[in-house]
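Residues per chain, in single letters:
There are 2 protein chains.
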Amino acid sequence: MSKKKRLIYLPLGGAGEVGMNAYVYGYGPEGAERLILVDLGVTFPDMDTSPGVDLILPDMSWLIERRDRLEAIFISHAHEDHVGAVSRFPDLLDVPVYARAFTANIARGKLKEAGLDERIVRTVSPWPEMTEAGPFSVGFVPISHSIPETSALVIDTPEGRLVHSGDFKIDHTPLVGEPFDEAVWEEIGKSGVRALMCDSTNVFSPHAGRSEAELEPQIEELFKGAKGMVVATTFASNVARVKTLALAGERTGRSICLLGRAMRRMIEASVETGVLRDFPKVVSPEEAQGIARESLMLLVTGSQGERRAASAQLARGKYNGLEMKEGDLFLFSSKTIPGNERGVIRIMNQFSEMGVDVVDENAGLYHVSGHANRPDLAKMHALVDPQMIIPMHGEHRMLREHVKLIKEGRREGIVAVNGTMVDLSGNAPSVAGFVETGRTYVDGSVQIGALDGIVRDRIRMALNGHVVVTLILDEANEPLGEPWCEVMGLPETGRSRAALVEVLENDLGQFLARAGAKTLADDDKLEQEMKRIVRKVAQDEIGKKPEVTVITSRLA
Amino acid sequence: MSKKKRLIYLPLGGAGEVGMNAYVYGYGPEGAERLILVDLGVTFPDMDTSPGVDLILPDMSWLIERRDRLEAIFISHAHEDHVGAVSRFPDLLDVPVYARAFTANIARGKLKEAGLDERIVRTVSPWPEMTEAGPFSVGFVPISHSIPETSALVIDTPEGRLVHSGDFKIDHTPLVGEPFDEAVWEEIGKSGVRALMCDSTNVFSPHAGRSEAELEPQIEELFKGAKGMVVATTFASNVARVKTLALAGERTGRSICLLGRAMRRMIEASVETGVLRDFPKVVSPEEAQGIARESLMLLVTGSQGERRAASAQLARGKYNGLEMKEGDLFLFSSKTIPGNERGVIRIMNQFSEMGVDVVDENAGLYHVSGHANRPDLAKMHALVDPQMIIPMHGEHRMLREHVKLIKEGRREGIVAVNGTMVDLSGNAPSVAGFVETGRTYVDGSVQIGALDGIVRDRIRMALNGHVVVTLILDEANEPLGEPWCEVMGLPETGRSRAALVEVLENDLGQFLARAGAKTLADDDKLEQEMKRIVRKVAQDEIGKKPEVTVITSRLA
Numbered sequence: 029m030s031k032k033k034r035l036i037y038l039p040l041g042g043a044g045e046v047g048m049n050a051y052v053y054g055y056g057p058e059g060a061e062r063l064i065l066v067d068l069g070v071t072f073p074d075m076d077t078s079p080g081v082d083l084i085l086p087d088m089s090w091l092i093e094r095r096d097r098l099e100a101i102f103i104s105h106a107h108e109d110h111v112g113a114v115s116r117f118p119d120l121l122d123v124p125v126y127a128r129a130f131t132a133n134i135a136r137g138k139l140k141e142a143g144l145d146e147r148i149v150r151t152v153s154p155w156p157e158m159t160e161a162g163p164f165s166v167g168f169v170p171i172s173h174s175i176p177e178t179s180a181l182v183i184d185t186p187e188g189r190l191v192h193s194g195d196f197k198i199d200h201t202p203l204v205g206e207p208f209d210e211a212v213w214e215e216i217g218k219s220g221v222r223a224l225m226c227d228s229t230n231v232f233s234p235h236a237g238r239s240e241a242e243l244e245p246q247i248e249e250l251f252k253g254a255k256g257m258v259v260a261t262t263f264a265s266n267v268a269r270v271k272t273l274a275l276a277g278e279r280t281g282r283s284i285c286l287l288g289r290a291m292r293r294m295i296e297a298s299v300e301t302g303v304l305r306d307f308p309k310v311v312s313p314e315e316a317q318g319i320a321r322e323s324l325m326l327l328v329t330g331s332q333g334e335r336r337a338a339s340a341q342l343a344r345g346k347y348n349g350l351e352m353k354e355g356d357l358f359l360f361s362s363k364t365i366p367g368n369e370r371g372v373i374r375i376m377n378q379f380s381e382m383g384v385d386v387v388d389e390n391a392g393l394y395h396v397s398g399h400a401n402r403p404d405l406a407k408m409h410a411l412v413d414p415q416m417i418i419p420m421h422g423e424h425r426m427l428r429e430h431v432k433l434i435k436e437g438r439r440e441g442i443v444a445v446n447g448t449m450v451d452l453s454g455n456a457p458s459v460a461g462f463v464e465t466g467r468t469y470v471d472g473s474v475q476i477g478a479l480d481g482i483v484r485d486r487i488r489m490a491l492n493g494h495v496v497v498t499l500i501l502d503e504a505n506e507p508l509g510e511p512w513c514e515v516m517g518l519p520e521t522g523r524s525r526a527a528l529v530e531v532l533e534n535d536l537g538q539f540l541a542r543a544g545a546k547t548l549a550d551d552d553k554l555e556q557e558m559k560r561i562v563r564k565v566a567q568d569e570i571g572k573k574p575e576v577t578v579i580t581s582r583l584a
Numbered sequence: 029m030s031k032k033k034r035l036i037y038l039p040l041g042g043a044g045e046v047g048m049n050a051y052v053y054g055y056g057p058e059g060a061e062r063l064i065l066v067d068l069g070v071t072f073p074d075m076d077t078s079p080g081v082d083l084i085l086p087d088m089s090w091l092i093e094r095r096d097r098l099e100a101i102f103i104s105h106a107h108e109d110h111v112g113a114v115s116r117f118p119d120l121l122d123v124p125v126y127a128r129a130f131t132a133n134i135a136r137g138k139l140k141e142a143g144l145d146e147r148i149v150r151t152v153s154p155w156p157e158m159t160e161a162g163p164f165s166v167g168f169v170p171i172s173h174s175i176p177e178t179s180a181l182v183i184d185t186p187e188g189r190l191v192h193s194g195d196f197k198i199d200h201t202p203l204v205g206e207p208f209d210e211a212v213w214e215e216i217g218k219s220g221v222r223a224l225m226c227d228s229t230n231v232f233s234p235h236a237g238r239s240e241a242e243l244e245p246q247i248e249e250l251f252k253g254a255k256g257m258v259v260a261t262t263f264a265s266n267v268a269r270v271k272t273l274a275l276a277g278e279r280t281g282r283s284i285c286l287l288g289r290a291m292r293r294m295i296e297a298s299v300e301t302g303v304l305r306d307f308p309k310v311v312s313p314e315e316a317q318g319i320a321r322e323s324l325m326l327l328v329t330g331s332q333g334e335r336r337a338a339s340a341q342l343a344r345g346k347y348n349g350l351e352m353k354e355g356d357l358f359l360f361s362s363k364t365i366p367g368n369e370r371g372v373i374r375i376m377n378q379f380s381e382m383g384v385d386v387v388d389e390n391a392g393l394y395h396v397s398g399h400a401n402r403p404d405l406a407k408m409h410a411l412v413d414p415q416m417i418i419p420m421h422g423e424h425r426m427l428r429e430h431v432k433l434i435k436e437g438r439r440e441g442i443v444a445v446n447g448t449m450v451d452l453s454g455n456a457p458s459v460a461g462f463v464e465t466g467r468t469y470v471d472g473s474v475q476i477g478a479l480d481g482i483v484r485d486r487i488r489m490a491l492n493g494h495v496v497v498t499l500i501l502d503e504a505n506e507p508l509g510e511p512w513c514e515v516m517g518l519p520e521t522g523r524s525r526a527a528l529v530e531v532l533e534n535d536l537g538q539f540l541a542r543a544g545a546k547t548l549a550d551d552d553k554l555e556q557e558m559k560r561i562v563r564k565v566a567q568d569e570i571g572k573k574p575e576v577t578v579i580t581s582r583l584a
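Just so you know, the sequences run in chain order A and B.
Under the working numbering, residues 29 to 584 are what the first sequence spells out, in order.
Under the working numbering, residues 29 to 584 are what the second sequence spells out, in order.
Chain A extracted, bound-state conformation (with noise of 0.2 Å):
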């Protein structure tokens, strides 16, 4: 007897986090389901959580089991958080990865970049066309965000339609890209659809969101005012934004300059790929050295204060030969992400002091997200028509709003965070299992588990310091010599304004003086006592418990 088959929605990143996005959709008899994947992005480090990690990707291992069942890999948009881990997981990348044009473009560049073939990537034609994958059928319909040819997914299936919103606003007149398309949706909507996998993101935002073409006429009157050097900061992948900055820039009489790796990256792909026309000539860094300030704007990296990109760099002095003085003006066309704040203050107070005037979006002027807010979420659903809504890309609390939101509209919803595996068989979703998930760091040139201790250790040397003990035992097992402490992250001297290392290697030496014979064969008993009189000295002395690490060794 064969088992019943069933439609399944698994996420295994996204889904109780801004970041790292990736979904599994499964159509078949239970655990022999066909699977595709929905995104493959990262998420990012921070100094408190994850020091010396270059990038966080989900952890993928579940799907790399079950790599057989897999047909194909779509991508939504070509933001970092939902193409940036395409090519960290090579096992993954025996199906095809389709993606229209822009976003298939900047998946090849990482492929090629980490030696893998690019030809695998597959550019597809937006809705109507549809994509066949096993039991599925996909179409890439167009929908306004903050990076051009985002789409959300159609996903046809036996059980009926599924819509994956994947990142979206609502915005009639995005500048770059298609617009929000009421008709299209209202279309998708009217032949019935079984379930919507929504953006969560702006959950928490009352207010309807406001479009890209808001922006230009403000921003050309801040630049207008400005009688040095206009310096425009936002993320490169904005493409409609740097457009909106470099045309503001021309208008008001100004050469436009490129500075930042991404920033020249994403306009080449975006004309490249026909999403961008109409952009103005610009200069290279050394042709604008020859150009007078007031007829110069610089279109640069590092809206998040990132510390090597070109914003941060200005702010500490040249980038590219170029800097910022007295007069001119840098602009922050874009959100802080909280985490971010105090990179980019310290980059604002930087350029305070050499007297350059700093404008944000704190007013609202000269930034709009790409996100649907709350009434736009409402709208959303609304027009789908969906007999259930999953709230996906979120923390948990937005996912947990959203739920709210669905049920206020009278649609069934349930908070399904990463692990989830969700039934989309029935009336109304329901929990079929659990699987485990979590965060793999890319540490280096090496990927580490996110609970392998070793971060955790880096951390712990971060907050306490680190005490090395190394003691030399001769071949009957006494001490040569007195043991030796090697301190860092410590200070020097503490209560009893001796030298640190000495009240710990003169305590450390009494007590292998004291210790008997047994405690002296014993490696594990010694480098226990000596952590613990490391500690307690160092309490003592210092106020501090530090990470201790003792080397006995041996002579044979």
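It should be emphasised that the hints constitute simulated quantities derived from the structure, not laboratory data.
Errors might be hidden in some of the hints.
Put simply, identical chains are the same to the list, so a pair is met inside one copy or across any two.
Unchecked claim - Subject to a maximum C-alpha distance of 30 Å in a straight line, what follows is the list of computed DSBU-like cross-link-like pairs (lysine-lysine):
| # | residue 1 | residue 2 |
| --- | --- | --- |
| 1 | K546 | K564 |
| 2 | K546 | K573 |
| 3 | K309 | K140 |
| 4 | K31 | K252 |
| 5 | K346 | K32 |
| 6 | K140 | K564 |
| 7 | K138 | K573 |
| 8 | K559 | K33 |
| 9 | K564 | K407 |
| 10 | K32 | K255 |
| 11 | K309 | K546 |
| 12 | K353 | K435 |
| 13 | K255 | K309 |
| 14 | K252 | K435 |
| 15 | K31 | K553 |
| 16 | K218 | K346 |
| 17 | K218 | K32 |
| 18 | K252 | K309 |
| 19 | K573 | K140 |
| 20 | K255 | K432 |
| 21 | K252 | K432 |
| 22 | K363 | K252 |
| 23 | K559 | K573 |
| 24 | K31 | K255 |
Once you have looked at the hints, place chain B on chain A.
Frame of chain A; chain B shown alone:
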């Protein structure tokens, strides 16, 4: 010939940052001015720049070296960034510390805790009472802020009157403490004010500030709709807010329980000093456990997401036998200070996972700021009507913006960051020189300089991991066995799939086998070479260059 006397202002902390306020005023011949200090506060560390540090203090060396010229210390109010360091510089405490009753109570508590003589703190009555201190005569003028008995200081000098605003807002209905009083300020201004030193924190807030009293009905409305337990957090020192919250709890039929040491201590100090009256009777955590959830309200510490405070502990589980459950309400009646977002958001999501409804101040309904916004600053400038204004307490960009506002009002003003000695004797402020300033870290029980390299080493270990190499050499400078490596905070294996320590030890062993007698006899050379090898191998294997400590032991 005696030098001309002058009137100086010298910020040692608080000018160029929000936090650790410490302002020196002096009058007398150049280099022999008699001095007073206004405020002595702390600021708080963060993982990005000061991991493991407990508190940050202004570097008071300049004043300590001149303490024979110090007449007195005046504390404007009891916030940590104004009074928090009062017990940290015993060398400055040969002079009296003047404060109003509530502030004095808090200051005495700090001195007592540090084992210092609390009797140096003298309680003063408010304006028009004046306290003599050398050439200065100082009055505490009640002003509205977000902690009881906040005062601006009127400082009369032989060169005329100064006004030091301290932290303030314009609030005519502050609920606890004295309302802002235009008449008093007009009177103070009438006799002529030479200079106003003025709070800059909210200069970027464009609209007039709102009163504490506006919150009452909104908070009560919120609590009325709550079905389960209500929990609210705010700064414990915001006694007016704590009272508003408690009264709203009482009026909606709830018993009030205070959780967290700071919350209990602040309310005790407020009741003891008479600033807080009609506070509802509170129940202990033990009693609270016996009260039905819908009849209970907790007032808790930890509005900034601090890991050890009551909020964070409730987000992780039980605290004092109490815990949050589905259907409870948690209110952040507070603004999240930039840099604390991650911690606050973590707590919000933990509560969301429990099914607790979290409400924050985003809608502007449940929190008002304690600082004067831009129009309120302009109003204060006009009321005091001084000859010149020096912006204080704020990041560089705030001081700079404040000067713009001052110039709009056609007054003299300059940006004077920490260490800038300003001569106030002339018709306009002029820079008289710069003194060295900085930050001192309280690290465990030790004070260390911010530039000592200790914290830098911790940050490096956190970013790069730490490798310890141990090498033993015999009497003939021949290596005894192989060198040993221990790694902390690094992956165990890398590119070659062999253990990282083995690859390291192998390459170090090969180097030693080839090393000449001269190298083997030279500790510095050995260390340098072995560090180089470790970094190179680690870069090849794991793509990171770790911190390296080399310990060479020579058997003598």
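Regarding K546 and K564, is the shortest C-alpha distance of 30 Å or less found within a copy, between copies, in both, or in neither? within (23 Å within a copy, 41 Å between copies)
Could you place K559 and K573 in one of the four classes (within, between, both, neither) given a Cα distance threshold of 30 Å? both (10 Å within a copy, 27 Å between copies)
Is it within, between, both, or neither for K559 and K33, if the alpha carbons may be no more than 30 Å apart? neither (58 Å within a copy, 60 Å between copies)
Since the copies are identical, ignore which copy is meant and state whether K140 and K564 lie within 30 Å (CA to CA) inside a copy, between copies, both or neither. between (54 Å within a copy, 26 Å between copies)
Give the relationship of K218 and K346 under a CA distance limit of 30 Å: within one copy only, between copies only, both, or neither. Classified as neither: same-chain Cα gap 57 Å, cross-chain 50 Å, threshold 30 Å.
Are the CA atoms of K309 and K546 at most 30 Å apart within a copy, between copies, both, or neither? neither (80 Å within a copy, 62 Å between copies)
At most 30 Å between CA atoms: does that hold for K31 and K255 within a copy, between copies, both, or neither? neither (73 Å within a copy, 44 Å between copies)
Given identical chains, is K353 near K435, meaning Cα to Cα at most 30 Å, within a copy, between copies, both, or neither? Close across copies (21 Å), not inside one copy (54 Å); limit 30 Å.
30 Å Cα cut-off: does K546 pair with K573 within a copy, between copies, both or neither? within (27 Å within a copy, 40 Å between copies)
At most 30 Å between CA atoms: does that hold for K252 and K432 within a copy, between copies, both, or neither? Only across copies: K252 and K432 sit 20 Å apart there, 45 Å inside one copy, limit 30 Å.
Intra/inter-copy verdict for K255 and K432 if alpha-carbon distance must be at most 30 Å: between (50 Å within a copy, 16 Å between copies)
For the identical chains here, do K138 and K573 meet the 30 Å Cα criterion within one copy, between copies, both, or neither? between (44 Å within a copy, 24 Å between copies)
In summary, the numbered hints that this structure violates are 4, 5, 8, 9, 10, 11, 15, 16, 24.
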